[in-house]
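Novice: Note that the protein sequences, when read in sequence, are chains U and H. Read left to right, the first sequence gives residues 9 to 569 (my numbering). Read left to right, the second sequence gives residues 4 to 70 (my numbering).
Calculated from the structure, these hints are not laboratory results. The C-beta atom is built at its ideal place from N, Cα and C for all residues, glycine as well. Misleading hints may appear alongside valid ones.
Partner residues are not named here, just some residues of chain U that face chain H (Cβ under 10 Å, in silico) [to be verified]:
id	residue
1	Ser56
2	Ala61
3	Asn223
4	His332
5	Tyr567
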Amino acid sequence: MFEQRNEVTLKTDVLIIGGGSAGTMAALAARKKGLDVILVDKANINRSGCGAAGNDHFMAVLETGPDWDTPEAFLTWYKRLTQGLVDTKVVEKVYTNRIKGLVDYMEKIGIQMRIDTENNDFVRTKSFAQPGEYFINFDGRSLKPIISKEAEDAGVKCIRQVYITDLLKQEERVVGAVGFNIRNGDSYILEASAVVLATGNVSRMYRNPSGFPYNAWHSPYNNGSAQAMAYKAGADLKNMEFVNYTLTPKNFSASALNAIVGMGGYIVNSLGERYVLKYHEQGEQGPRWTMPWGTYWELKEGRGPCYFDVRHLSDEALEHLLNHLLPVDKNTFMDYCNQKGLDLKKDLLEIQISEGQIPAFVGSVTGIHIDENCLTTVPGLYAAGGCAVSICNLAGSMAVGEAAGEAAADEILRNSIQIKPDPEIISELKARAFEPLQRVNELEESRFEGKLHQVMAEYVGIGRTKLGLETGIKELKKLKDLTKVLGANDGHVLMRVHEAQDMLLLAELIIRGALTREESRFGLSHYRGDYPETNPEWHVSLHQSLKDGIPAMKKVPAYHQ
Amino acid sequence: MEYPVKIDLSLCNQCGLCEFNCPGDLIYSDQAGDPYLKYPEECWFCGACRMDCPKNCIEIIFPMEML
Chain U
9 MFEQRNEVTL KTDVLIIGGG SAGTMAALAA RKKGLDVILV DKANINRSGC
59 GAAGNDHFMA VLETGPDWDT PEAFLTWYKR LTQGLVDTKV VEKVYTNRIK
109 GLVDYMEKIG IQMRIDTENN DFVRTKSFAQ PGEYFINFDG RSLKPIISKE
159 AEDAGVKCIR QVYITDLLKQ EERVVGAVGF NIRNGDSYIL EASAVVLATG
209 NVSRMYRNPS GFPYNAWHSP YNNGSAQAMA YKAGADLKNM EFVNYTLTPK
259 NFSASALNAI VGMGGYIVNS LGERYVLKYH EQGEQGPRWT MPWGTYWELK
309 EGRGPCYFDV RHLSDEALEH LLNHLLPVDK NTFMDYCNQK GLDLKKDLLE
359 IQISEGQIPA FVGSVTGIHI DENCLTTVPG LYAAGGCAVS ICNLAGSMAV
409 GEAAGEAAAD EILRNSIQIK PDPEIISELK ARAFEPLQRV NELEESRFEG
459 KLHQVMAEYV GIGRTKLGLE TGIKELKKLK DLTKVLGAND GHVLMRVHEA
509 QDMLLLAELI IRGALTREES RFGLSHYRGD YPETNPEWHV SLHQSLKDGI
559 PAMKKVPAYH Q
Chain H
4 MEYPVKIDLS LCNQCGLCEF NCPGDLIYSD QAGDPYLKYP EECWFCGACR
54 MDCPKNCIEI IFPMEML
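With the rest of the complex left out, here is chain U (with noise of 0.2 Å):
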């Protein structure tokens, strides 16, 4: 039978929650610093995150020698991308300055970054509108392993199979955080003198057109803790409205777009129509978010199903695509294709528009709002990677988790902190960590994180209106009644359950957002039907939190700088 028993407590300088690429690399660059570092990770960091199975595509600025391969270009492209609700001193401070350090890093450490073996270089491709070819495409099959041992050797302390239910805070300051271990029901107590969130983002919180929840684009066990975690604490979260769609292949919610559109791939409706073109004048070299507006429409009116259309490429392309890419990206991908059929040299891949996601991807704007630091606005805690918004692709999740590590690691340099957790407090988070095994369990978890995807995907989804988002509040109370008989009788149901509580919390958060902005923008992200045109006057961030147990929200002005 699973339930509580000893109790471990651990004392370290920086704990990072969330074994991923960021997580990981905060990891490292802290104890870099010569700090004591934990990371801890609900499963075995080795091949944790959305990187766990492999990555394709590196962005990086590389400084060879053209104008859009210079920091300027790449930050005035990354501004117009987020337009403007981004702080690009944030992604120059976190990523354009250390990413030539970190693709040599890479190298170093073994990661086949040069796939033109013949001539030793780099392959570049461009994508949503980038100035130039900013993706290295390479070989990131083993990259996890790779970094999660570089930092074990490193001497970084790794707690596997451990999921943190929440921060533990000493006044104003995070000074820790409590769990539980999934396995064997031991309860964690870990005190920090810093806290770095890097748990990604929310992949499972939208209907999947599949069926599947957990067959999704990013990691599906991505459930929004950070994010859920840092707003209980009292953190900004920002844009917490725009929600995320792409395209990914049919009932397979695999990435595949930006690998096929950076090799000239064509997106077509069943009259052969290349459709992007009528809704962005770039076509399907623009930005992310006009590929599936402009899908929704061409299925809408009736020119469905869509493609995929890669045929007209060269061998070459296509080899390097089949070959190097798809499956590098995304290790079964061929096993769905051969499964169902499917020869992409002669035949046109059906797609489908995704779930919806709280975001993690180039230009997202959404999630923890962090500073040049990386930290919160609560002291003591930092964010990285896709759980906080700056710049979150793998390479900007590697880039920014790196430079977290080292800000909290500076921090405590400087200063260092004392703490005495109130045994009070940990007895209380505890205890609610452990609730669900007592209770009887009246509803499978799995059902209610159904009703979850069904009422975010009717009232919260693509299209909404004051009247749907407010039918939406009233469905996720219903669903806040019904926390109270979600039981779980091992340590992987209560794993689960708390993840659908974070879930439920930040889905609260996308309506109260969603709800606020009155104008649509981004595509798919936030089209209010009764609002459908982007008003300057909302060119803002919306930032919402928590203060004194009410929830708050405020306007900030997008960054003009």
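Starting from the structure of chain U, add chain H where the hints point.
Specialist: Frame of chain U; chain H shown alone:
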């Protein structure tokens, strides 16, 4: 749903890497030490279990709804 991760136990050496690598905590070992997919409906179809398998004994089978 069918089991998307098919492990050929006649080849498996019980090294435990698939259980260790699964990012979703879905693979467990039974009392004999054989791995099995305990939560098939939570599979991401990522292939992390298969990638480092030293015996190459894991197949990913997509359910019909995904094909």
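Novice: Hints first: check each against the structure and report whether it holds.
Specialist: Hint-by-hint comparison with the structure:
1. Ser56: Cβ of U/Ser56 sits 5 Å from chain H, so the hint holds.
2. Ala61: With a closest approach of 4 Å, the U/Ala61 hint holds.
3. Asn223: With a closest approach of 6 Å, the U/Asn223 hint holds.
4. His332: 16 Å, violated
5. Tyr567: At 35 Å from the nearest chain H Cβ, U/Tyr567 fails the 10 Å test, so the hint is violated.
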